[in-house]
Amino acid sequence: MRVETEAELAETIAAAGAPLRIRGGGTRDVGRSVDGEVLETGGLTGISLYEPGALTMVAGAGTPLAEIEAALAAEGQRLAFEPGDWRGLLGTEGVSTIGGVVAANASGPRRIQAGACRDFMLGVRFVDGMGQVVKNGGRVMKNVTGYDLVKLLCGSWGTLGVLTEVSFKVLPKAEATGVLRCDGLDDATAVTVLSRALGSPWEVTGAAHLQKGPEGAPVTMIRLEGLQDSVTYRCEALRQRLADIGDFTVETDPERAAVDWVHVRDVGPFQGRAGDVWRVSVTPGAAPDLVARIAGAEALYDWGGGLIWLLLPEGQGAEAIRGAVAETGGHATLFRASKARRQQGAVFPPQPEPLARIEAGLRAKFDPRGVLNPGLMG
Amino acid sequence: MDMPIPRPERLARKAELAAALRRHLPQEAVIDTPAQLRAYECDALAAYRCPPMLAVLPSTTEEVAQILRLCHEMDVPVVPRGAGTSLAGGSLPTADSVILGVARMNAVLEADYANRVVRVQSGRTNLSVTGAVEEEGFFYAPDPSSQLACAIAGNIAMNSGGAHCLKYGVTTNNLLGVTLVMMDGTICEIGGAHLDAGGLDLLGVICGSEGQLGVVTEATLRILPKPEGARPMLLAFDSNEVAGACVSDIIKAGILPVAIEFMDRPCIQACEDFAHAGYPDCEALLIVEVEGSEAEIADQLGRIAAIARRHDPLELREARDAEEAGRIWLGRKSAFGAMGQINDYMCLDGTIPVTELPHVLKRIGEMSVEYGLRVANVFHAGDGNMHPLILYNANTPGELETCEAFGAEILKLCVEVGGCLTGEHGVGIEKRDLMWHQYGAADMEAQMAVKDVFDPAWLLNPAKVFPLDASDGRRAVLAAAE
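Quick mapping for you: the protein sequence lines, in order, are chains A and B. Numbering-wise, the working numbering puts 270 at position 270 of the first sequence, and it's gapless, one number per residue. Numbering-wise, the working numbering puts 209 at position 209 of the second sequence, and it's gapless, one number per residue.
Pulled out of the complex, with its shape left as it was, chain A reads as follows (with noise of 0.2 Å):
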């Protein structure tokens, strides 16, 4: 089933008699799989309005991440919170979408300087699970008029409503790009230095640390962005600000800034390699331990090492992860497996009580009857 209109969608929802499987683009397979028929929001398209100047846009929920991305880089503009393109990652394929970046609260590396995507959205039309159509938020920047729904289905994965229409903040493309890069740290050392680095007053919009770079060797990256001299002074600064604890080189070259930290927003490094990929978010400080208690992992730490992603063989870590976290704090997701495995054990968190009452109690008011995306978050 493919809806062109908000209006069908309604319909559709409220005459739904059976679960409902949410698909914007199909790019981002997460979750538990959902038994019921597919509701396609992909014909939701079309940017609606843009003002560079007041820096927003307003689109259907359908309109493809790329068509958005075209018209903001047209006049120098970007969606700051970098969403991911995770069809490598995931092994899927087809267009993402707008709607569908939204719902998965998709954010890449420069979260810890600009924000999340959640950070971005000013509001959003959806239908909810009983057909009807609701507005929250709107078009400005800031608007504290009633409760903030937008954050809620931001990151709902479908569950709580459909998104038709999305409204968010963009900012300007940097001028400039320079990357850090230092070769060789183990985990704690690089995380140390990713945490110096965020704490100094130079505004690290990157900072990652790959266990396996490109060439097989451990890769610690920083990011900065701005005016151009602003850039070089700001490299330059935090070089020496760190060289006590590892020798930086500086890259300025665009392109390959770029192809680096697509690498990282896609978890380049585990794409196209089997095994199960796990997406944990936890304090920077306590990443390194945790990682190293989960034998047979892999990592990648993104965020200063608050967001690592873990790529494990099939089936194994999941109690060691769940555990860890459990101590530390954070949580983790089963972010790419096998259907079969993400029907068998728990994909998302599990919330503890009283969290669990409350989200079921919402989705009780928002979806009573059980048909959007059904068990997807657990």
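It is worth saying that the hints were derived from the structure and are not from the lab. C-beta: ideal position from N, C-alpha, C; glycine also. One thing to keep in mind: the hints can contain errors.
Covered by chain A, per the in silico footprint, the following chain B stretches (three or more residues, Cβ under 8 Å) [stated by the list, open to error]:
1. 221–235
2. 253–266
3. 288–295
Since chain A is already given, all that's left is putting chain B on it; use the hints.
Quick look at chain B alone, frame taken from chain A:
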């Protein structure tokens, strides 16, 4: 402003509730004398006052849980209060309610510089969060005008912003975790020092829920390294339109200042008379602030000046030192005080798309003539968050009502041009009845459904945010069920 009629059965249980609370709290933490309760009869929306039945000042999360549990059992509404600086009446009590003030809970629980977070009790004031971490070179970014006095609890309740949120975001973008006590006394830990939610983004909906979903007792906040330096530039123009166009051009050029503040002629004059900041004689004035090292500041201000020159500014003044920077900010920072000297005033908070600035300012000027009340505009231009200040005289019969009617028209105009009723102050009681202009029945129902989940009995700050005719059903059903 209508408020629900106090229920006699609640008022009758005042002594019983006070005694029960005193069994769990230190004696002086329970306030029940009329003289002392007067201190809690209003917040910064001082036109509306009503002493609560009781006030309690807990010191711990467990005490908050006890208070809420008791009030829940006895069906008594609770109005949470931070520092009482709400401009929207967010902590205005009803006569049959208990004020729960978190002012005593002001400790810093943990400052973690390596991970760039601080955990505080929610009664701590905004500025003193920065005070606790600045020696290590960090600061807490959201900076509402009342930051010296306002509490983090209130900042979270209203999702407060400030002058510098163009770059750093508002409270919700800097909040990572809370300890929240629900109305039935259940204590929830939501979020933490990590950067995102494992399940639904409950933190996102709690921030800005105006104390209606639970009482936040502790918060984990993101702290940022202080920039090397900051410097403002003052730009004067002979029309609001030109100043508005300049703002838009600065943003389009790819420069993101930390703040772009806008003042119109009535505001400039009032500030000048009050603070003698040395502002030029002009129709509109911008204060643009940038951050970085000396060279970076010079680079950015040079680019901004070049853009401004294309708009024929009457004056372009770059601060050469800290003293000059201070003088540029002096007038802006004393704007509210200056207005208070002239008259009583009502401060609005609508947000509009930046591109609508000239049109909206022109309409406000016309309405000012129609209503016969003066209005001065001072606001965060970079993000379109306006603060029209309507001057009125509270001693002239009917003038408050005229002022409110004028204010309502301005806010409706904000919604009409694609904006919203409130950008950072919150709905409270002030904009409650205007909510129908922004939201339809299904939109409102979806929001109230969230409150149903957290507070099914609608006892937490129940008469706020939603128009009484929208929430009546819920409160009436519950009354009938008793």
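Evaluated hints:
1. Check result for the stretch 221–235 of chain B against chain A: holds, 4 residues qualifying (beta carbon to beta carbon below 8 Å, three or more required).
2. Figure legend: the stretch 253–266 of chain B, annotated as covered by chain A; annotation consistent (4 residues with Cβ-Cβ distances under 8 Å, at least 3 required).
3. Here the stretch 288–295 of chain B counts 3 residues with a CB under 8 Å from a CB of chain A, which clears the bar of 3, and the coverage holds.
In the structure shown, no violation is registered for any of the earlier numbered hints.
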